[in-house]
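Turn these sequences into a full structure, and let the hints steer you where they fit.
Okay, here's what each chain looks like letter by letter:
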Amino acid sequence: MGLNGLTIAVPRGALMPQTLDLLDTLGVDTAEVRANDRRLLFGEVGIVTMRPSDVPTYVEAGAADLGITGKDVLAEQVEREVYELADLGYGRCVMVFATVAGDDPAAEALRRLGVMRIATKYPRIAAAYFERTGRQAEIVEVKGSVELAPLTGLADGIVDLTATGTTLKENGLVIREEITVATARLIANPVAHKLKAAEIDDLLARIRDAA
Amino acid sequence: MIDPIPSGTRDVLPDEMRELRAITEKVRAVFEARGYGEVATPALEYETTLARGDAAAAEPAYRLFDEQGNVLVLRSDMTIPIARVVATRYATSSPPLRFCYFAHAYRSVRPQRGQAREMLQAGIELVGAPGPDGTIEAIELLCEVLDAVGLDSYRVGLGDASLYPALLDALGVPEAARGPILHELVTRDFVGLEREIGGLRLGEEDAELLLRVPQLRGGPEVLELPEGPATDVVGRLKRLHERFSPGVADRIIFDLGLSRSLGYYTGAIFEVYDGALGVPLGGGGRYDDLLARFGRELPAAGWALNVERLHIALVGEGERGERWA
Numbered sequence: 233m234g235l236n237g238l239t240i241a242v243p244r245g246a247l248m249p250q251t252l253d254l255l256d257t258l259g260v261d262t263a264e265v266r267a268n269d270r271r272l273l274f275g276e277v278g279i280v281t282m283r284p285s286d287v288p289t290y291v292e293a294g295a296a297d298l299g300i301t302g303k304d305v306l307a308e309q310v311e312r313e314v315y316e317l318a319d320l321g322y323g324r325c326v327m328v329f330a331t332v333a334g335d336d337p338a339a340e341a342l343r344r345l346g347v348m349r350i351a352t353k354y355p356r357i358a359a360a361y362f363e364r365t366g367r368q369a370e371i372v373e374v375k376g377s378v379e380l381a382p383l384t385g386l387a388d389g390i391v392d393l394t395a396t397g398t399t400l401k402e403n404g405l406v407i408r409e410e411i412t413v414a415t416a417r418l419i420a421n422p423v424a425h426k427l428k429a430a431e432i433d434d435l436l437a438r439i440r441d442a443a
Numbered sequence: 050m051i052d053p054i055p056s057g058t059r060d061v062l063p064d065e066m067r068e069l070r071a072i073t074e075k076v077r078a079v080f081e082a083r084g085y086g087e088v089a090t091p092a093l094e095y096e097t098t099l100a101r102g103d104a105a106a107a108e109p110a111y112r113l114f115d116e117q118g119n120v121l122v123l124r125s126d127m128t129i130p131i132a133r134v135v136a137t138r139y140a141t142s143s144p145p146l147r148f149c150y151f152a153h154a155y156r157s158v159r160p161q162r163g164q165a166r167e168m169l170q171a172g173i174e175l176v177g178a179p180g181p182d183g184t185i186e187a188i189e190l191l192c193e194v195l196d197a198v199g200l201d202s203y204r205v206g207l208g209d210a211s212l213y214p215a216l217l218d219a220l221g222v223p224e225a226a227r228g229p230i231l232h233e234l235v236t237r238d239f240v241g242l243e244r245e246i247g248g249l250r251l252g253e254e255d256a257e258l259l260l261r262v263p264q265l266r267g268g269p270e271v272l273e274l275p276e277g278p279a280t281d282v283v284g285r286l287k288r289l290h291e292r293f294s295p296g297v298a299d300r301i302i303f304d305l306g307l308s309r310s311l312g313y314y315t316g317a318i319f320e321v322y323d324g325a326l327g328v329p330l331g332g333g334g335r336y337d338d339l340l341a342r343f344g345r346e347l348p349a350a351g352w353a354l355n356v357e358r359l360h361i362a363l364v365g366e367g368e369r370g371e372r373w374a
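Residue numbers (this note's numbering), protein chains in the order written: chain A, 233 to 443; chain B, 50 to 374.
It is worth saying that the hints were derived from the structure and are not from the lab. Wrong hints could be hidden among the right ones.
So the derived list for chain B, only partly shown, Cβ under 7 Å to chain A, looks like this [stated by the list, open to error]: (1) Arg-237; (2) Arg-266; (3) Gly-267.
Computed from a predicted structure; not experimentally measured. Here a beta-carbon is modelled for each residue, glycine too, at the ideal position from N, C-alpha and C.
Written out as structure tokens, the structure reads:
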């Protein structure tokens, strides 16, 4: 039981509680992880915790055999050489295109200036989306609260991930288009996927049973 | 003043060079003993030459023009240049031909990823030896080389490039749907693969087969599939397994989902793994159609090891036990 001797990268933040619940159902003792907010490495149970966007980095390099992170992260880091093994279903969020409420300033910019400025933490997803839908967009990458960008005139609109839409609404933004849905995914290092095939397949079967 | 070098390239200084040299000398001794003659080819080739070998190789990262306006590219592997050499310089020699090389290959990199633009490869091409004998010789030699350099716990993943196309053929999957399916397979996205297969309106059993087969990997027991569209290809893998020497057979992991990025493979394909490194150390396979594109119809197989990764794995194996969990 437990992780069959495998190591797993667990995302901190919104995905963490349900990830730890899942690990509990697999027989992993997550009490220490839950009790220690600052400790990062729990070698005794094979868990290492990190921000979700770092999970593919650690798994690709083989620093962890497995990892759990959002599809949004994987779509943004699409070139990472990791196996995507399962859709875990939880952590459902929607990638949206939003602008300030009222007349759509992005459409207005596109009509009069030929291009709209879009602020996002997901430059590749945003660029691909507007390219696919035939609109010229100038992508502005920001690291923090994207909602600020259209309010201050930095951008005409934003592309961001939202679970409930509350933050958007509180900042006077409305969803114009839904781009894609993201859920938590289980990923594996390609070499571990071969060398520890039986352990990974057994764990995968137990995860499917638990779901 | 510090003059930088391009990202993904590096200088090798004497301490490291001594260790790399020790590795390549051991490899060279095995090649020599097995009758593989060393060749060198130009790092620059005409773009039209590489494009004839493989469309993907025709999108190399480094292009330039010569004095006449011809497009030159830096080679992205040694297989295509050696195919050219065989067709042009050995046009009448009787096969099999055995070549080895120690050469740099060049790939494009993505920014901020620490990927190598220039990598040192040690490899072989065995031309004019059809499967299964040629495949067995190539893999046995691969293991002999890895044993000779002192790598301890490596494994060789073995699959077949023709397996999945054969499944798609047999199940009558339309041409238009194959691109997306193969894309999910090559990018190793089983969630996406399940979605694409779900959209095909196949029977439940057929859909299950398409989804399950590429996830099968392990000992020879994974080759025990029910009679069906995979039988021919899987039978070929079984016959290989029966003929490997015991030391090599123990190293093999059968992997029915294995795919390699280059498009010229036609049959058996393989990759080398070691627990000390999260990425493959190298790989190869059969490419029975490639030589014909250069004017000599000969079956062939070959492989390349990334010498720098091999070095990292050797160092990493020495430090085993220091992993965090």
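Consistency of the hints with the structure:
no. : hint    : verdict
1   : Arg-237 : holds, 4 Å
2   : Arg-266 : holds, 5 Å
3   : Gly-267 : holds, 5 Å
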